[in-house]
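Starting from the known structure of chain B, arrange chain V on it as the hints suggest.
Spelled out, the chains give:
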Amino acid sequence: MTTSTLPAVMLGAGPGLRTGRLAGHFAAYGALALGAFVMLLPFYYMMVFATHTNTDILSVPPPSWFGDHLLENLNDLLARRPRFWHSMGLSVWIALAVTVLNLFFCSLAGYAFAMFDFAGKEKFFGFIMATMLLPAFVSMIPTVLLMSQLGWINESRALIVPAACGAVGVFMMRQYIGSAIPRELVEAARMDGCGEFDIYWRVVLPLLGPALGTLALVTFIGSYNNFIGALLVMRDQDAYTLPLVLRSLQGTSGITWGALSVGAAVTVLPLLVLFVVYSRRLIDGLTAGAVKG
Amino acid sequence: MMDMASDISLTGIGKTYGGAGRPTIAGLSLEVKAGEFMVFVGPSGCGKTTLLRMIAGLEDISEGEVAFDGRRVNELGPAERGAAMVFQSYALYPHMTVAENLGFGLKMTGVKTAEREAAVARVAETLQLSQLLDRKPKALSGGQRQRVAIGRAIVRSPKVFLFDEPLSNLDANLRVQMRVELARLHRELGTTMIYVTHDQVEAMTLGQRIAVFNAGRIEQVGTPLDLYHRPGNRFVAEFIGSPRMNMLPARCEGGAAMVLAAGGWRLPAEGSGLNELHTVGVRPEDLQPGPVGEGAVQAEVRLVEQLGDATLLHLQVSGAEPGIAARLNGSVHDWQPGQQVGLRCAADKLRCFDSAGRSLA
Chain B
90 MTTSTLPAVM
100 LGAGPGLRTG
110 RLAGHFAAYG
120 ALALGAFVML
130 LPFYYMMVFA
140 THTNTDILSV
150 PPPSWFGDHL
160 LENLNDLLAR
170 RPRFWHSMGL
180 SVWIALAVTV
190 LNLFFCSLAG
200 YAFAMFDFAG
210 KEKFFGFIMA
220 TMLLPAFVSM
230 IPTVLLMSQL
240 GWINESRALI
250 VPAACGAVGV
260 FMMRQYIGSA
270 IPRELVEAAR
280 MDGCGEFDIY
290 WRVVLPLLGP
300 ALGTLALVTF
310 IGSYNNFIGA
320 LLVMRDQDAY
330 TLPLVLRSLQ
340 GTSGITWGAL
350 SVGAAVTVLP
360 LLVLFVVYSR
370 RLIDGLTAGA
380 VKG
Chain V
2 MMDMASDISL
12 TGIGKTYGGA
22 GRPTIAGLSL
32 EVKAGEFMVF
42 VGPSGCGKTT
52 LLRMIAGLED
62 ISEGEVAFDG
72 RRVNELGPAE
82 RGAAMVFQSY
92 ALYPHMTVAE
102 NLGFGLKMTG
112 VKTAEREAAV
122 ARVAETLQLS
132 QLLDRKPKAL
142 SGGQRQRVAI
152 GRAIVRSPKV
162 FLFDEPLSNL
172 DANLRVQMRV
182 ELARLHRELG
192 TTMIYVTHDQ
202 VEAMTLGQRI
212 AVFNAGRIEQ
222 VGTPLDLYHR
232 PGNRFVAEFI
242 GSPRMNMLPA
252 RCEGGAAMVL
262 AAGGWRLPAE
272 GSGLNELHTV
282 GVRPEDLQPG
292 PVGEGAVQAE
302 VRLVEQLGDA
312 TLLHLQVSGA
322 EPGIAARLNG
332 SVHDWQPGQQ
342 VGLRCAADKL
352 RCFDSAGRSL
362 A
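Going line by line, the protein sequences match chains B and V. The first sequence begins at 90 in the numbering used here and counts up one residue at a time. The second sequence begins at 2 in the numbering used here and counts up one residue at a time.
Same shape as in the complex, but just chain B:
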């Protein structure tokens, strides 16, 4: 009885099961495609608006394909903000400096937390992690006062030094080092006569490639896009970073959308290039240590 009905049941269930699974796949991909569309749409319009005049942009419906006013808009932008390229250079410099410092300090701290046992280690680590709970706005007034007292207002170090080491980076490095660097490797270096800093520099750091790549990307993007921090300490137009320049184009007397869009598009360009080149590494790095490889 069982043997005669079993094949029939299996035959009946097979296609139904397959159809159900296919429908599930379609639903999932549909939802993902919708999400991607919603996220990419503003970028698309930013690019499209960068090639149209203000009148075209404000018409109803707005243009949905590229026009031929890109150079005009760019010239308009440079006429309104002659120091635009200087600001871009400043943004890149600050982002690079913050990134390099973060890579160094976060990996050093992460290494210490992952590989050394010292009194109060867990409490200290907990304290660093707790700083992530503080809203960024809580530290706004003290930061301005401090930078003002140090005389660092309008100087790039006012954005670089406070951001030189972040709790997220320390956490990420500790996790990665704990899971990817065998303790015996450090001990072997110690037996080989390596000093503690040399062990970090010559043995541990070269093995942190994926995690460093991810941290570099996240930090660079974060610093490059930093608006509030720059708004607090960069007051002169000469000291403006790109987010401030873009904000300054939105005056009370009306907004020149073409110039703003081309500015935003140029601003986003380095990040897009970075992301295209390193997206694989970013994803690898974010999942590193999550599973034993």
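What the hints contain is simulated information worked out from the structure, not anything from laboratory work. From the three backbone atoms N, C-alpha and C, an ideal C-beta is built for every residue, glycine too. Not one of these hints is a red herring.
Capping the alpha-carbon separation at 20 Å, the derived lysine to any residue pairs in SDA-like fashion look like this:
1) V:K137 / B:P271
2) V:K350 / V:S360
3) B:K210 / B:M221
4) B:K210 / B:L197
5) V:K139 / B:R291
6) V:K108 / B:R291
7) V:K137 / B:P295
8) V:K108 / B:W290
Take a look, some chain V residues computed to stay more than 10 Å from chain B by CB distance:
9) S30
10) N75
11) R117
12) L128
13) L190
14) M205
15) H230
16) R231
17) N234
18) Q341
19) D349
20) S356
What follows is chain V alone, placed relative to chain B:
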């Protein structure tokens, strides 16, 4: 040769980890002679690796003193002690080539490039690594990695070599090859070597002397054959030898004769030394199976294992738990599972232990 090797003296060594009430190692003393190949053997968690790491300087010493050539080294860092270590996982630097791995220690101690390259080439030659110098560790086989790890230790010409279960990741064939290789290296270098393993075959074949560890203390130190033939206690008797020594319950009766609870053997007790008799141990190869009869311990054959060069009989003696084993030379086909067998043994092959496991004779 002796200036190439250090003698090591351990006095009252203790190790307690923070938070742990009971010490991992307590009051341990041992002398390792210059140029000696000493093996630490024992079950997992017995403290042998911890002691090795304390000698290396990778672990703090809670109490006692470690001395190299009579000089206290407790406070010295690993590199300052003049010891080199080969790790269980090889611990090769993955981002460096074989040549860079070999030369890293010399580089760190400021040896000039030309001198360093010459030393690396010499060691590579000795360990047949010359063709692999430009490869990264991930492009090497297990055996090659192991040779690089050993080479990295040799190249610094240390006075003491420390090995932490270096062969445990290799397959059986390679392990035998590397054992021969290590024995050859020791002969050639004449350096003091301390070798940690839980494999008693490695211990027996490599060690000039063996220290048997159990629960943070040394049970016995001696030459391999000393430990095999004259174990100081039941733990050593059972740990050294494969298959392990058979243990049978026994007692002394009438002051003159020893009777095994399993029945059969009656031996002259010869004086009062055996009054405390509790267990008798006999090596599998010393048991002679034959027909059931007077003066033989009766047992039932449970399983026959043909190893080619030998036959192992797994036997059950009534009143003795667990089962025991007999090892016969060659392929013997006389015995079948379920068969009754009479076991005989020469009196001088028996090891007697009291209830605390101490050896009585």
